[in-house]
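Residue strings, one per chain:
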Amino acid sequence: MSTTETRELARPAAAKASPAKPRRALRGSPTVNFWLFTGPFLIGLTVFVYAPILWSLYLSFFEARFTVTPDKFVGLENYTYMLTNDDFVGSLVTFTAFAAFIVPTTWALSLGLALLVNRLRFMRAFFRSVFFLPTACSYVAASLIWKMSIFSGVRFGLMNTVLDWFGIDNIAWLVDPNPPWYWVVIVSARLWLQSGFYMILFIAALQNIPGELYEAAAIDGAKPGWQTFRYITLPQLRATSTAVVLLLLVAAYQAFDEFYNLLSKTTWGRPPLVELYYKALGESQDYGAGSAGAVVLTVLICAVTLLQGRFMGFGRGEESK
Amino acid sequence: MSAMSSNWDRRSILRAAAGLSAAGALTACGGNNGRSGGAGSGTNLTQFFHAYGEAGTEQAIKKYAKAYDKANVTTQWITSADFESKLFATLLTDSAPDLFEFHPQIQMIKSGQVADLTDIIEPVKSEFNPADIKSHTVDGKIYGVRMIDDPQFFFYRKSMLEKAKVEVPTSLDELMEAAAKLTTGKVKGLYLGDDLHSVIDTMIWSAGADHLDEKNQIAYHTPGVIEGIKKMRKLFTSGDLLLGAPTASWDPSSLNQGLCAIQFCGMWAMPAIQAALGDDWGVFPFPKTIDSGKPSVYNGGWSMFVNAKSENVEAAKAYVKWLWIDQKEYQEDWATSYGFHIPPRTSLAQTATKLKSGNAAEGVKLFNEFGHFDNIGWTQAMRTSLEDVFANAVRKDMDPEKALDKADEAVDRELKKLFG
Chain A
113 MSTTETRELA
123 RPAAAKASPA
133 KPRRALRGSP
143 TVNFWLFTGP
153 FLIGLTVFVY
163 APILWSLYLS
173 FFEARFTVTP
183 DKFVGLENYT
193 YMLTNDDFVG
203 SLVTFTAFAA
213 FIVPTTWALS
223 LGLALLVNRL
233 RFMRAFFRSV
243 FFLPTACSYV
253 AASLIWKMSI
263 FSGVRFGLMN
273 TVLDWFGIDN
283 IAWLVDPNPP
293 WYWVVIVSAR
303 LWLQSGFYMI
313 LFIAALQNIP
323 GELYEAAAID
333 GAKPGWQTFR
343 YITLPQLRAT
353 STAVVLLLLV
363 AAYQAFDEFY
373 NLLSKTTWGR
383 PPLVELYYKA
393 LGESQDYGAG
403 SAGAVVLTVL
413 ICAVTLLQGR
423 FMGFGRGEES
433 K
Chain B
354 MSAMSSNWDR
364 RSILRAAAGL
374 SAAGALTACG
384 GNNGRSGGAG
394 SGTNLTQFFH
404 AYGEAGTEQA
414 IKKYAKAYDK
424 ANVTTQWITS
434 ADFESKLFAT
444 LLTDSAPDLF
454 EFHPQIQMIK
464 SGQVADLTDI
474 IEPVKSEFNP
484 ADIKSHTVDG
494 KIYGVRMIDD
504 PQFFFYRKSM
514 LEKAKVEVPT
524 SLDELMEAAA
534 KLTTGKVKGL
544 YLGDDLHSVI
554 DTMIWSAGAD
564 HLDEKNQIAY
574 HTPGVIEGIK
584 KMRKLFTSGD
594 LLLGAPTASW
604 DPSSLNQGLC
614 AIQFCGMWAM
624 PAIQAALGDD
634 WGVFPFPKTI
644 DSGKPSVYNG
654 GWSMFVNAKS
664 ENVEAAKAYV
674 KWLWIDQKEY
684 QEDWATSYGF
694 HIPPRTSLAQ
704 TATKLKSGNA
714 AEGVKLFNEF
724 GHFDNIGWTQ
734 AMRTSLEDVF
744 ANAVRKDMDP
754 EKALDKADEA
764 VDRELKKLFG
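Those sequence lines, one after another, are chains A and B.
With our numbering, letter number 115 in the first sequence gets 227, and the count goes up by one each step, no holes.
With our numbering, letter number 197 in the second sequence gets 550, and the count goes up by one each step, no holes.
Simulated from the structure, these hints should not be mistaken for laboratory data.
Careful, some of the hints might be misleading.
[Claimed, not checked] For lysine to any residue, the following SDA-like pairs were computed, each having C-alpha atoms within a straight-line distance of at most 25 Å:
#, chain 1, residue 1, chain 2, residue 2
1, B, Lys439, A, Gly156
2, B, Lys662, A, Gly156
3, B, Lys755, A, Gly202
4, A, Lys377, B, Glu740
5, A, Lys184, B, Thr699
6, A, Lys377, B, Ala517
7, B, Lys439, A, Glu175
8, B, Lys770, A, Thr181
9, B, Lys749, A, Gly421
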């Protein structure tokens with residue numbers, strides 16, 4: 113709707129400025145505007161996203177070793193190989209469990225931060241920025257800081273220094289999988305990197321809740337605190353919550369950077385993408401099997417997303433408000 | 354939202370900017386092939402090197418390239434952890450390097466990725482270490498020119514061993530005992546890297562086994578290797594290993610800074626260790642894994658290969674011949690001026706004075722006496738399978754037998770594809 117409004121406002125102005133140039137009018141046409149704005153993105157999307165996806169699909173039916181232009185058709189053999197491969201199936205299971213943990217945790221932490229920051233009377237902008245800043249940090253850089261300085265296995269690593277004050281021995285956080293301390297490192301890095309962004313989404317949603325609702329609730333006798341939060345705030349955040357959960361879920365399945373950098377050359381704690389990378393796409397160059405795995409993963413992400421959308425009513429946000 | 358009411362000028366500027374940046378991004382993708390173009394006599398060549406740790410190495414490689422006047426050679430210097438994946442991925446594309454350093458692996462030959470270099474090596478074949486020729490030969494054709502041989506073994510702090518009254522270990526059991534005795538509050542006994550991958554090969558050889566036999570069948574799955582894996586597991590859980598150190602095991606910093614008393618590293622590290630520790634260090638081979646085994650040393654190294662699909666195969670071959678066969682001065686500079694490496698050419702190895710005394714001479718002795726060279730049939734995917742064995746059965750507590758069975762499956766799949 114806003115475009116129509118803009119056009120009506122803008123067109124007379126343009127005509128006044130240069131009535132003799134038909135090019136202006138052409139540029140003002142909504143079709144041209146549409147393609148001008150979406151064109152570059154569509155081209156990028158097609159070239160860098162859709163074409164590779166289709167090519168992957170094609171590769172997954174071929175024996176493609178050390179080449180991406182294969183000629184030996186093998187039917188579903190690559191799919192059989194990947195789906196009977198314990199490591200790949202195992203990584204799908206592990207990461208469903210990981211997603212089941214990290215999604216609610218990040219959701220709760222971001223919401224908590226948003227509520228706290230939203231309550232602030234002073235320095236609100238400061239804290240908002242402080243919590244949002246990690247979003248601007250690259251996953252790789254954060255992984256290196258976590259690995260080399262905070263959770264370094266040697267005695268002068270930050271965490272080991274702290275443990276040393278209490279007389280606890282050094283822990284090789286990322287090296288020794290037993291007990292699995294590496295989850296502490298991964299989860300803390302991920303929370304630090306992600307919560308800020310979702311916090312901003314929640315703050316925006318919180319500020320959108322009309323004050324009258326709270327006033328009405330107070331008049332009706334709702335106690336401030338938990339009761340108000342449970343029956344007013346939370347239902348009002350439904351649309352945002354759904355979107356956040358959806359984004360988090362996709363992000364959990366797409367996890368790669370911090371796992372790849374923190375856990376080098378392990379056989380555990382591998383998200384499906386890292387598993388695919390080690391198994392097929394990286395040094396082994398078995399692009400057929402790798403593509404089959406990627407297709408399986410894509411289908412899985414789509415299925416989970418659709419199911420979740422159905423379950424939580426994504427896209428029906430307007431009505432449920 | 355303010356844009357709604359603003360005039361057309363601002364919008365068209367924005368639009369032009371968006372269009373420009375999109376166009377810029379698209380062209381940047383096409384142009385990013387690492388070639389600088391311009392100067393030189395027409396032919397442009399790109400070479401890939403992994404980032405050597407020693408100061409001056411990158412400058413040296415670029416200096417040699419600059420001295421060549423028949424082509425314009427550009428070097429890409431790639432972080433060593435990413436080298437294999439970047440190389441393999443790039444070789445499939447148009448921006449593939451014309452020549453690159455790597456290790457001899459048969460899958461690159463079977464898939465037609467590396468060019469036959471027999472004609473440039475044949476005339477000087479007798480000058481090379483025969484093992485270096487053999488490890489690059491398939492069906493009588495030679496596919497790579499060895500630049501440097503890099504024996505890998507243990508480095509130890511003499512003073513620390515003396516203080517703890519520990520003799521230089523001659524068996525894996527003794528090594529484990531030594532690691533325990535050398536571990537104090539601030540120093541760990543032994544450093545093998547976080548993943549222990551650098552000792553997989555030597556552990557197998559010292560157990561009297563090998564990766565593949567002469568018929569290219571699995572030869573690593575033996576009772577001796579299983580015993581070795583169990584010992585490695587014990588070592589890993591003993592608390593005597595340095596784990597999570599800031600530098601990888603190819604970097605001697607952990608030994609130099611006193612974080613560990615013994616470290617598995619390579620000959621290249623000798624100048625840096627000498628500078629940091631003076632004469633307070635010595636070397637020894639990977640000791641026998643089991644009683645019937647023998648000590649071993651991994652004779653790794655790097656070779657130059659030519660990309661068979663390059664548009665400039667002949668020019669790339671000419672450059673390889675010029676630098677790594679004709680320019681003996683540069684070859685010696687490369688082998689001994691930065692890290693220490695053994696020149697694969699016998700004549701150079703004999704005249705390299707820096708390798709004639711002290712620990713360097715000892716390193717050369719270990720190389721000749723206990724060294725095992727790469728088996729060209731042992732590919733990267735097979736390497737990964739054994740790395741998984743170490744991850745599963747040494748760092749995790751999977752049954753070694755089961756872990757090896759799993760590796761057998763993956764290695765057999767590879768063997769079947771390569772040798773039928």
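Here is how each hint holds up against the structure:
{"no.": "1", "hint": "B:Lys439 x A:Gly156", "verdict": "23 Å, holds"}
{"no.": "2", "hint": "B:Lys662 x A:Gly156", "verdict": "29 Å, violated"}
{"no.": "3", "hint": "B:Lys755 x A:Gly202", "verdict": "17 Å, holds"}
{"no.": "4", "hint": "A:Lys377 x B:Glu740", "verdict": "8 Å, holds"}
{"no.": "5", "hint": "A:Lys184 x B:Thr699", "verdict": "45 Å, violated"}
{"no.": "6", "hint": "A:Lys377 x B:Ala517", "verdict": "34 Å, violated"}
{"no.": "7", "hint": "B:Lys439 x A:Glu175", "verdict": "21 Å, holds"}
{"no.": "8", "hint": "B:Lys770 x A:Thr181", "verdict": "18 Å, holds"}
{"no.": "9", "hint": "B:Lys749 x A:Gly421", "verdict": "39 Å, violated"}
Comparing the model with each numbered hint stated earlier shows that hints 2, 5, 6 and 9 do not hold.
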